[in-house]
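*Asks:* Sequence:
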Amino acid sequence: MKIKYNKKILVYAFLGTHPIYETLVKYPPENIIFARSTSERVYDSLSIYNPVKRRIKDGIKFLADMMGIPRIIWLPALKVDLIHSSRGFLILNNKPWVVDIEHVGSFGNFRNKSVKRIALKLLSSKYCKKILPHCEASMYSFFNSWNPPPQIKSKTEVLYPAIEVRSSKRRSEKTIRIGFLATRMAFYEKGGRELLEAFKILSRKYDSLELWIKSRVPHSLLRAYRNLPLKIIEENYPTREQLFEKFYQELDIFCLPTYVDSFGYSLLEAMSVGLPVVATSIFAIPEIVEDGKNGFLIYSPISDFRRDFVIEMFDRKVLRRKVLSIVVRQLVEKLSVLIESSSLRRKMGRYGRMLVEKGKFSIRERNKKLRRIYEEAIRR
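Going by my numbering, the sequence shown wraps up at 380, each residue one higher than the last.
What the hints contain is simulated information worked out from the structure, not anything from laboratory work.
Treat the hints with care, since some could be wrong.
Cross-link-like lysine to aspartate or glutamate pairs, in silico, EDC-like; alpha carbons within 16 Å at most [unchecked claim]:
(1) Lys369 / Glu157
(2) Lys360 / Glu157
(3) Lys155 / Glu376
(4) Lys360 / Glu290
(5) Lys368 / Glu357
(6) Lys174 / Glu250
(7) Lys293 / Glu312
(8) Lys95 / Glu375
(9) Lys155 / Glu136
(10) Lys369 / Glu30
(11) Lys174 / Asp207
(12) Lys7 / Glu375
(13) Lys246 / Glu210
(14) Lys7 / Glu290
Label-pair ranges, simulated between beta-carbon atoms [said to hold, decoys possible]:
(15) Arg321 / Pro76: 32 to 40 Å
(16) Pro301 / Gln151: 36 to 44 Å
(17) Leu221 / Glu157: 25 to 33 Å
(18) Gly292 / Pro76: 21 to 29 Å
(19) Ile201 / Gly292: 19 to 27 Å
(20) Lys79 / Glu290: 26 to 34 Å
None of the values given here were measured: they were computed from a predicted structure.
Ideal Cβ positions, reconstructed from N, Cα and C, are used throughout, including at glycine.
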């Protein structure tokens, strides 16, 4: 039976521009009203798509980390019931607040003792009502890195991001399209080179394959793989609807052999249109990809995260020096299985779409949990 909420809750939303938060604002829990600030929009306007603005934003973070200051935002007196902060920004205000985190690094330079001391003090505050890791891996990253006291652990609860379900286009062409997406500067870090090498092997083995790459591919790799059937998409689509219409919905398989993602939201995007996925088994990705059900997981010999989920960044030069053959072999194996079986692609795609429509990544499940969290926060 659906629970009916009568009380409206006004939430000051210090949220980012990531699709996680766009979806939250677009589809809020019942009777939740979000308000946003001008100052936050200015901060978020320092976009990753503008290199100069990105350097300014990174510079602000770097200076704070060097000075031993966690990410803190002071907010003046607000006529709201609650504050929801994102990306580890801690709140200085006498209103109840909750904060979501990607991992312990969301708070700043987590290895700095001053950052840890100040952050734990603010998280212990009576005004901090909940700490919301995006996944279990995020939670253990926080616990295993800082070993917070029981009073902070008891405030911590996993809140999975959600995504809206999109229509899945039934392609009739015989050509099988494999998709890959990475930000402009992260092609190597997302496993793009290994995927190119695997696709070279696959294109010899199978006819009618295409690799669609939504990223900026280094010129040296474009030259090396120029004879492969590639479609390179460097443009930034003006809307997310176009990203789905012109990219995800044109694919048959989505692949993300990443070494750096703490969550891998693009996997949810692919699942939302019914695509089977292949991804490396790092950090939160095993929570998204159920091996053999909505896709396949492959082992990665390198990652930014240890097995206990503590952050330990690897030397990026490794990826430019050589192709990781163990990853290539696994990509060829798992992609071959999907290429050879259209029924398996459909079965895995349906299961992944179900997780987005009705499961733990659904808007319904997120809103049910978040509404409860907000109500508990303002009652205490």
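*Asks:* What's the verdict on Lys369 and Glu157, does the C-alpha distance respect the 16 Å limit or exceed it?
*Replies:* holds (10 Å)
*Asks:* Would you say the C-beta atoms of Lys79 and Glu290 sit inside 26 to 34 Å of each other?
*Replies:* violated (44 Å)
*Asks:* Would the pair Lys360 and Glu157 pass a check requiring their Cα atoms to be no farther apart than 16 Å?
*Replies:* holds (14 Å)
*Asks:* Between Lys369 and Glu30, is the straight-line Cα distance small enough, at 16 Å or below?
*Replies:* holds (11 Å)
*Asks:* Next pair to validate is Lys155 with Glu376; report whether the Cα-Cα distance is within 16 Å.
*Replies:* holds (11 Å)
*Asks:* Hinted pair, alpha-carbon criterion (16 Å max): Lys174, Asp207. Please report holds or violated.
*Replies:* holds (9 Å)
*Asks:* Just tell me: holds or violated, for the beta carbon distance of Leu221 and Glu157 against 25 to 33 Å?
*Replies:* Violated: the Cβ-Cβ distance is about 42 Å, outside 25 to 33 Å.
*Asks:* Please work out if Lys7 and Glu375 have their alpha carbons no farther apart than 16 Å.
*Replies:* With a Cα-Cα distance of about 9 Å, the restraint between Lys7 and Glu375 holds, given a limit of 16 Å.
*Asks:* When you take the CB atoms of Gly292 and Pro76, is the distance between them in 21 to 29 Å?
*Replies:* Given a distance of about 52 Å, which is not inside 21 to 29 Å, the answer is violated.
*Asks:* Does Glu375 sit within 16 Å of Lys95, going by the straight-line distance between their CA atoms?
*Replies:* At roughly 14 Å apart (the allowed maximum being 16 Å), Glu375 and Lys95 satisfy the hint.
*Asks:* Is 36 to 44 Å a correct range for the gap between the Cβ atoms of Pro301 and Gln151?
*Replies:* Holds, since Pro301 and Gln151 (Cβ atoms, about 39 Å apart) stay within the stated range.
*Asks:* Given the hinted pair Lys293 and Glu312, is their Cα-Cα distance within 16 Å?
*Replies:* Violated. Lys293 to Glu312 sits at ~30 Å, over the 16 Å cutoff.
When held up to the earlier numbered hints, the structure conflicts with 7, 14, 15, 17, 18 and 20 and fits the remainder.
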